[in-house]
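One-letter residues, chain by chain:
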Amino acid sequence: MDKFEKIQGIAAPMPLVNIDTDMIIPKIHLKSIKRTGFGKNLFDEMRFNRDGTEIPDFVLNKPQYRDADILVAGDNFGCGSSREHAPWAIADFGIKCVVSTSFADIFFNNCFKNGILPIVLPQEQVDLLMADAEKGANARMTVDLEAQEITTSDGDVIKFDVDTFKKHCLLEGLDDIGLTMEKVSAIDTFEDKAAQDRPWV
Amino acid sequence: MSPKTLYDKIWDAHVAHEAEDGTTLLYIDRHLVHEVTSAQAFEGLRMTGRTVRAPDKTIAVPDHNVPTTPDRVDGIENEEGRIQVAALDANAKEFGIHYYPMNDIRQGIVHIVGPEQGWTLPGMTVVCGDSHTATHGAFGALAHGIGTSEVEHVLATQTLIQKKSKNMKVEITGKLQPGVTAKDITLAVIGETGTAGGTGYVIEYCGQAIRDLSMEGRMTVCNMAIEGGARAGLIAPDETTFKYVNGRAHAPKGAQWEAAMDWWKTLFTDEGAEFDLVVTLKGEDIQPVVTWGTSPEDVLPITASVPFPEDFTGGKVDAVKRSLAYMGLESGTKLTDIEIDTVFIGSCTNGRIEDLRAVADVVKGKKIKDGMRAMIVPGSGLVRAQAEEEGLGDIFMEAGFEWRLAGCSMCLAMNPDQLSENERCASTSNRNFEGRQGYKGRTHLVSPAMAAAAALTGKLTDIRELV
Chain A
93 MDKFEKIQGI
103 AAPMPLVNID
113 TDMIIPKIHL
123 KSIKRTGFGK
133 NLFDEMRFNR
143 DGTEIPDFVL
153 NKPQYRDADI
163 LVAGDNFGCG
173 SSREHAPWAI
183 ADFGIKCVVS
193 TSFADIFFNN
203 CFKNGILPIV
213 LPQEQVDLLM
223 ADAEKGANAR
233 MTVDLEAQEI
243 TTSDGDVIKF
253 DVDTFKKHCL
263 LEGLDDIGLT
273 MEKVSAIDTF
283 EDKAAQDRPW
293 V
Chain B
2 MSPKTLYDKI
12 WDAHVAHEAE
22 DGTTLLYIDR
32 HLVHEVTSAQ
42 AFEGLRMTGR
52 TVRAPDKTIA
62 VPDHNVPTTP
72 DRVDGIENEE
82 GRIQVAALDA
92 NAKEFGIHYY
102 PMNDIRQGIV
112 HIVGPEQGWT
122 LPGMTVVCGD
132 SHTATHGAFG
142 ALAHGIGTSE
152 VEHVLATQTL
162 IQKKSKNMKV
172 EITGKLQPGV
182 TAKDITLAVI
192 GETGTAGGTG
202 YVIEYCGQAI
212 RDLSMEGRMT
222 VCNMAIEGGA
232 RAGLIAPDET
242 TFKYVNGRAH
252 APKGAQWEAA
262 MDWWKTLFTD
272 EGAEFDLVVT
282 LKGEDIQPVV
292 TWGTSPEDVL
302 PITASVPFPE
312 DFTGGKVDAV
322 KRSLAYMGLE
332 SGTKLTDIEI
342 DTVFIGSCTN
352 GRIEDLRAVA
362 DVVKGKKIKD
372 GMRAMIVPGS
382 GLVRAQAEEE
392 GLGDIFMEAG
402 FEWRLAGCSM
412 CLAMNPDQLS
422 ENERCASTSN
432 RNFEGRQGYK
442 GRTHLVSPAM
452 AAAAALTGKL
462 TDIRELV
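Which chain is which? The protein sequence lines are A and B, in order.
Counting in our numbering, the first sequence runs from 93 upward without gaps.
Counting in our numbering, the second sequence runs from 2 upward without gaps.
Mixed in with the good hints, there may be bad ones.
Unchecked claim - Distance ranges between label pairs, derived from CB positions: (1) B:Q257 <-> A:K126: 38 to 46 Å; (2) A:S245 <-> B:Q178: 51 to 59 Å; (3) A:G228 <-> B:Q209: 50 to 58 Å.
Calculated from the structure, these hints are not laboratory results.
Computed from a predicted structure; not experimentally measured.
Each residue gets a CB set at the ideal place from its N, CA and C atoms; glycine is no exception.
Working from the sequences, and respecting the hints, build out all of it.
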């Protein structure tokens, strides 16, 4: 995984609440056995007509947001299915950070495995960032994971929380499995004891 | 020792390693695998030269893509679906994991097969690359969905990197009224808490109305914990659980059964254990419910009317406007006046034998409405076989239902079972999201009995007026 760098870019506003993973990537695109190439299918049914033409009103089709790096979204973003195709599509499109008041649990975890930073903020701060995003492409936002700060185009600074371990993994681009393999003796020990305590498992 | 919740006990029994900041390697007892979220994980193992650490604890079955028509014995027509299932066939063989191929009678929806075969047992940790893994919580197992990267992590290490969730109690007191089912309980809870109400929590469902449920009903309740935002839903095991588990193919036998029972009987929340959040509903107050919008929290009693956007606040106002436009509904319309084109009965929420019996009770000796498209998709080949043995298959076909083979089918419409544009469906599945059952398809979530009633009348129907 690439190291997570400081983002200075365009934020797209999606104030709709409960944006689910079926919206982020409909199931017709889940038949692939690859992890790549889903960016063109991101928000497919909201973004394109059935004949493949763009729906002009959709935020990512508007000229000022076509190259968005950040998404500012309504409550409970990423609810629904566990499909990792959702963060794969978001990352493949080029979005590296999503801000909301809340995220669904599985989606939230999936983001970190794919170099995407999901940031949870209180409603009023999300409202402020939403307003900033609505200014368009000239209003560039900065997301600094190292410092845990978002800076709006007006220079307002918003601090955010992030799990220390997850932050470390994102900044260093670390492979979870590799890290866990370093603790394999702990797993061996646990497994031996569990085989004694609960042999039916 | 301080009192513990059921979740605390299962968690504590599975900590393989804990770092100072609480980041934990949680040991996984059962890893269930299906075709849609696993191919990339197996490929990841191959690319890194890793292998499956515990193939004996890994169970795979194709379910999402499989056709449910009898011609599937000849293979899957859709090329991409065929490739995905073939990849699972090959991966199961290469890595030596337990496997139920598409045309095995034990094949079915992964969350129905696991309990049916006795893979799911009380006190276990169970994961699967599917959000409805919460289903297995009905056994007092800590069970939740994971993404494909985590699937690969579990395959390689048999652990998951986790932080502990908070404890939430959902108590349903008293008795349910006639016509009210487990599906109504779980939808009513989501209607109360919202789809993000459980975010950050593991829910324990308790109370008399939960105790009175069969294992099938408890699975329905836990299945939709994810729709309430929770990581998992749990129900403490009891005699109902033990009776269901005993004798199943992979359940412990003899002395091991006795040893298991000794531990399972300690799996309950201790007196005085603290929950971070408590929600209580009176069983008597729960009505047969239906969803009207495009979020599972859009729940109302069947006696109500389609709401007005102004009834809501904040971001939900615009979401409701969007939902009503998508659903083609006018505010103020009585729910029982909404006409239905299609009925879908099945899914990991309601594809078990008890669900099919409930449908048969309503439709026996009757005919579905003229022009109605109605299908019943059993959750597994064994559920189908049992239904046929009990004569339910004949009842369904005589009433005019299509009686299909097992799979996820129209719950997520990855296979050919899909809604067409603006087609309106009463469905026993778990999600009413935009496009979920087909592009621009319209879904109303209901219990099996309510779906059966809608098939007969052609409208959303209060089951209590039919029986």
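Task: Contradicted hints - numbers only - done: none
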